[in-house]
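Novice: Sequences are here, hints too, so could you generate the full structure?
Protein chains: 2
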Amino acid sequence: MLDITKPIFVTGCSGFIASNLVDYLLSKGFIIVGYDNLSTGNMSFLKDASKNPNFTFIDSDILNLDDLVKSMQGVDFVFHLAANADVRFGTDKPDRDLKQNTIGTFNVLEAMRLNNIKKIAFSSTGSVYGEAEIIPTPENAPFPIQTSLYGASKLAGEGLLSAYAHGFDFKIWIFRFVSILGERYSHGHVFDFYKQLLKDPSKLSVLGNGKQRKSYLYVGDCIDAIMIALENTKEKVNIINLGTDEYCEVNDSIRWISEHLNLNPILSYTGTERGWIGDNPFIFLDTNKIRNLGWKPKYTIKEGIIKTLQYLENNQWLLNEK
Amino acid sequence: MLDITKPIFVTGCSGFIASNLVDYLLSKGFIIVGYDNLSTGNMSFLKDASKNPNFTFIDSDILNLDDLVKSMQGVDFVFHLAANADVRFGTDKPDRDLKQNTIGTFNVLEAMRLNNIKKIAFSSTGSVYGEAEIIPTPENAPFPIQTSLYGASKLAGEGLLSAYAHGFDFKIWIFRFVSILGERYSHGHVFDFYKQLLKDPSKLSVLGNGKQRKSYLYVGDCIDAIMIALENTKEKVNIINLGTDEYCEVNDSIRWISEHLNLNPILSYTGTERGWIGDNPFIFLDTNKIRNLGWKPKYTIKEGIIKTLQYLENNQWLLNEK
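One line per chain: the protein sequences are A and B, in this order.
Read in order, the letters of the first sequence are residues -13 to 308 in the working numbering.
Read in order, the letters of the second sequence are residues -13 to 308 in the working numbering.
No wet-lab data here; the hints were simulated from the structure.
Each hint should be verified, as a subset may be incorrect.
Since copy identity is lost for identical chains, a pair holds within one copy or between any two.
Listed below are the simulated BS3-like cross-link pairs for lysine-lysine, each with C-alpha atoms no more than 25 Å apart in a straight line [what the hints assert, rightly or not]: (1) Lys85 <-> Lys56; (2) Lys85 <-> Lys104; (3) Lys14 <-> Lys282; (4) Lys79 <-> Lys222; (5) Lys197 <-> Lys157; (6) Lys79 <-> Lys157.
Specialist: Dropping the structure here:
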């Protein structure tokens, strides 16, 4: 599906997942045009990529349609990973998810249409299922009811991709991620907990009651899955859950983190079933579809959390940037 | 649910369905603030309303958030019916559905939030189901895949309403309409066919192969259903299909129209299963939910089509405006 002779466009290329994807694609010899406004990404994640002659970086915003259209000239495939990726805080600034996720995705699709580019992979989220009735949740779960502005904005993005597939003959891949862990991870509970414990190893404040059941996937496994899906699917519209075959409680994660750091913090909970407005007390995706394409993850959730901690231990500068 | 002492806000109030709703609510003694940019509506639909001291008209656009915020002061309930309501032509101007439906709906919700208004009814569409796998299609049908920019924009609007219900404690009613017929109907197949036959009674050009199976509902029945739903539901998020318990082929409709007009036109078909990009060859909604609330339609599809024709025969000025 990916053509080694033609540029591949990656939005949000300085972000956690996208920068890992860029490094992977460059290692395979692909030509990459990376596009990012550096609002939440980090230029240092592109240190290696920037030395590679096959990599071009464009510092601009997906809300700037003119720049997008110009930057996509000659491109054959788009990975659209630019997003506001934090499901929390949606209610603090209700227009952020709409702009950065929904309108941003529309602009990416329009820039593609105007450049006659027809293939796109999109990072969606298990949050589009809302509080799913069926767990593990398959791709064709019952019609979802959104519980967060983030989920709503990603669902809107998915809908736009599908409409472009039907209306403009695009070929699309929608990946519904669980939370991703690993190198360059720079927001989420492992980050927050590690930062708290660095500041004061004796205590840890936990959003919710600690019993939320969550799913995580290691970033390398995530990228493997995307590549396998692109190679092994032929539909016009491909929608694929990505996650491990397990979940953990937030309390499990706290225990693993504490053990790894050799700490025994006193825990305090904000006390409710949901850590924040729109938090989902149980996320667990049915991943039979991607497994049936020949993928399986190399790392468990626990291993992913430990790898993330090791990365943060070796990159403490990141904690001060956020 | 509706408070007779406090203003009710109706967006798109000069449109087909909304102007009928305004007349109904005024007849029951409600106080109405109507808001419309008159882009597709028609001021003459508000001729009676405008004489009523309980009616205030505001000529502005839902894309103007400042005007919306000011206009909603003191309002208790919002009917959000302003929209680009034509499922065809989405691919001609891809940003229209995004702006008028998705961003417009976001603005309505924001204006409500800023005015501390928490109750909203929203006109969505059976098009959000895409080409449904289950027919008749229930509200909890499998996760839909969008086939039109119109459907995608309405799904995005639904998602925003649900996110506001969860994030800001709104109470919401989402009505998924089939095509609506009746007085003030001013776009769609009956309108197009009647207009063609007025010009040349000997022939009729039909989009698609005529075998598309479609559902229709008479506007008076639609408004009855909305009122019954508002009175008889208590959930924070209420999602309700509205349609009759039948469907017809486009060819059935052509026969009824021809009989009523006493014509026998030569038919020519564009020939495909879908009349336009994003057209759905079979729309038929499961309406058990609204029926179980005590509603049933007074008119069949055929009767709705005849009533629409009679309205158009008596209001030929409308044909020249479009």
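Novice: For Lys79 vs Lys157, is the C-alpha pair at or below 25 Å within one copy, between two copies, both, or neither?
Specialist: Between copies only: 20 Å across chains, 33 Å inside a chain, cut-off 25 Å.
Novice: From the Cα coordinates, with 25 Å as the cut-off, is the pair Lys79 and Lys222 best called within, between, both, or neither?
Specialist: between (35 Å within a copy, 22 Å between copies)
Novice: Measure nothing new, just compare the shortest in-copy and cross-copy C-alpha distances for Lys85 and Lys104 to 25 Å and report within, between, both or neither.
Specialist: both (23 Å within a copy, 23 Å between copies)
Novice: Could you place Lys14 and Lys282 in one of the four classes (within, between, both, neither) given a Cα distance threshold of 25 Å?
Specialist: Intra 21 Å, inter 62 Å, cutoff 25 Å: intra-copy only.
Novice: Between Lys85 and Lys56, at a C-alpha cutoff of 25 Å, which is it: within one copy, between copies, both, or neither?
Specialist: Answer is both; intra-copy 20 Å and inter-copy 23 Å each pass.
Novice: Please work out whether the CA atoms of Lys197 and Lys157 approach to 25 Å or closer within one copy, between two copies, in both situations, or in neither?
Specialist: neither (40 Å within a copy, 28 Å between copies)
The structure is inconsistent with hint 5 alone, although it conforms to all the rest.
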